[in-house]
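Colleague: Same order as they appear, the protein sequences are chains F and C. Going by numbering that gives the first Met the number 0, the first residue of the first sequence is number 0, and it counts up by one from there. Going by numbering that gives the first Met the number 0, the first residue of the second sequence is number 0, and it counts up by one from there.
No lab work stands behind these hints: they were computed from the structure. In this text, all values refer to a predicted model and were calculated from it rather than measured experimentally. Every residue, glycine too, gets a C-beta built ideally from N, C-alpha and C. Just so you know, not all the hints are guaranteed correct.
Sample of chain F residues facing chain C (criterion: CB under 10 Å; computed from the structure) [said to hold, decoys possible]:
{"id": "1", "residue": "29"}
{"id": "2", "residue": "41"}
{"id": "3", "residue": "113"}
{"id": "4", "residue": "148"}
{"id": "5", "residue": "161"}
{"id": "6", "residue": "164"}
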Amino acid sequence: MAGRRLSNEINAGSMADIAFLLLIFFLVTTTIVEDKGVLVKLPIWSEEPPETKRLKTRNVFSVLVNAQNELLVRGEPVRIDELREKTKEFIVNPQKREDLSERPNMAIISLKNDRGTKYKAYLEVYNELKAAYNELWEDSAQRQFGRSYENLTTTQRRDIRADIPLVISEAEPTSFGEED
Amino acid sequence: MSKFQKKQGKASPKVNTASLPDIIFMLLFFFMVVTVLRDSELMVRVTTPTATELTKLERKSLVNTIYIGRPVQKYEGIYGTAPQIQLGDKFSKSREIRAFIEQHRVSVPENQHGSITSSLKIDGDVTMGIVTDAKIELRKAGQLKVNYSAKPK
């Protein structure tokens, strides 16, 4: 009985050492990776060629990126930093111009690249297009609900996205440029 | 004055270290939670481009990663310098992506299949040809939710 009473206190002095050891192990192996990126929804694959839908030219915003990473928007060379504003203007069409989209929900962005296009350039273009939509959604959220788009409920977001749907259609890439 | 002199005469006070293990354990748990043990060795060089419209990938178990880039120096002799696709811990052809996606899919409960995201970690200097091939394979596999990994600007 006396022996048991003696041993019921564990020496916790080495606890810190053990904890330190584990701590150092995790410190060394830790890579705080922030996995972030541009979220994209790919179209469903189908073996048959997609049915050709006649679209009015004014509703299509064609963006081409060639193998030299140059940008051609609706037949005109454009710099990457102009793309966002141009896209926004096309979607909203504030001046009701004849050559821009009829309504935001009829606007379609057509993105085409070459197999020789650098991925960096492609992603930059995609990012700008997405940024244009994000800014429009944010504007719309402020106007309609007086709140930031991020703080809206799911239904409110869906309403906004129904008004300004993000449609980026990607065509089969050309293969003029050199791949590596 | 006399007060101070009195103190000096006493033995040096001991710092109570009883709470030290607790503090260390706290740190330990923090690192245990944030740690992501990298499961596969990177065999390709990947420097992801920068972007602004970023979405964070939340559930690790619902993410599968595909790397595309040029082989690191160690593998240059065997695989050359042309860009390669890495799935798990080996170099692969684009047609192997479908099996890779399927393999990951069976490890996820059925009701969460819609939330599976493919994280594409692609080197910025790779040309779109190989990326397009990978994209087509992902579409064929029905894996439509894709995240182009990028760094914040």
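Colleague: State for each hint whether it applies.
Modeller: Hints, verified against the model:
{"no.": "1", "hint": "29", "in the structure": "holds (5 Å)"}
{"no.": "2", "hint": "41", "in the structure": "holds (4 Å)"}
{"no.": "3", "hint": "113", "in the structure": "holds (7 Å)"}
{"no.": "4", "hint": "148", "in the structure": "violated (12 Å)"}
{"no.": "5", "hint": "161", "in the structure": "violated (20 Å)"}
{"no.": "6", "hint": "164", "in the structure": "violated (16 Å)"}
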